[in-house]
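Undergrad: All chains should be built: construct the whole structure from the sequences, respecting the hints.
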Amino acid sequence: MPKIEYTRRFLRSYRKLSKDLQQKVSKAVALLAENPRHPSLQTKPVRGSAGIYEARIDINYRLTYERWPEDTLKLRAVGSHDETLKNP
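Residues in the sequence shown are numbered consecutively from 1, following the numbering used here.
Derived by calculation from the structure, the hints in this document are not laboratory data.
Some clues are possibly wrong.
[To be verified] DSBU-like, lysine-lysine: derived pairs with alpha carbons at most 30 Å apart:
#1 Lys27 - Lys74
#2 Lys44 - Lys3
#3 Lys44 - Lys24
#4 Lys27 - Lys86
#5 Lys27 - Lys3
#6 Lys44 - Lys86
#7 Lys44 - Lys19
#8 Lys24 - Lys86
#9 Lys74 - Lys16
#10 Lys86 - Lys19
#11 Lys3 - Lys16
#12 Lys74 - Lys24
#13 Lys44 - Lys74
TA: Put into structure tokens, the structure is as follows:
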């Protein structure tokens with residue numbers, strides 16, 4: 001199971017989300033830690049950003065992360081689909 005680390009940017013964005021969305025993000029992060037290829041996350045590389053991946057929170061929200069050595073995932077950003085992928 002991968003280790004999860006958070007950037008300041010991710011945590012700032014997370015705190016701005018509604019409680020409902022925060023719960024969805026927490027569930028997605030738990031799934032990511034358990035199995036980064038879980039089907040509901042629909043993980044895939046972010047086009048034009050080498051080494052950065054996106055995972056689905058719900059139809060409108062995404063999170064981005066990087067894979068680091070020693071089985072670590074560094075969460076970079078979370079928010080609306082377009083805003084998050086504009087600057088992953």
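Undergrad: All hints, please: hold or fail.
TA: So, going through the hints one by one against the coordinates:
no.	hint	result
1	Lys27 - Lys74	holds (16 Å)
2	Lys44 - Lys3	holds (19 Å)
3	Lys44 - Lys24	holds (19 Å)
4	Lys27 - Lys86	holds (24 Å)
5	Lys27 - Lys3	holds (15 Å)
6	Lys44 - Lys86	holds (15 Å)
7	Lys44 - Lys19	holds (26 Å)
8	Lys24 - Lys86	holds (21 Å)
9	Lys74 - Lys16	holds (19 Å)
10	Lys86 - Lys19	holds (24 Å)
11	Lys3 - Lys16	holds (24 Å)
12	Lys74 - Lys24	holds (18 Å)
13	Lys44 - Lys74	holds (15 Å)
Hint compliance for this structure: every hint is met.
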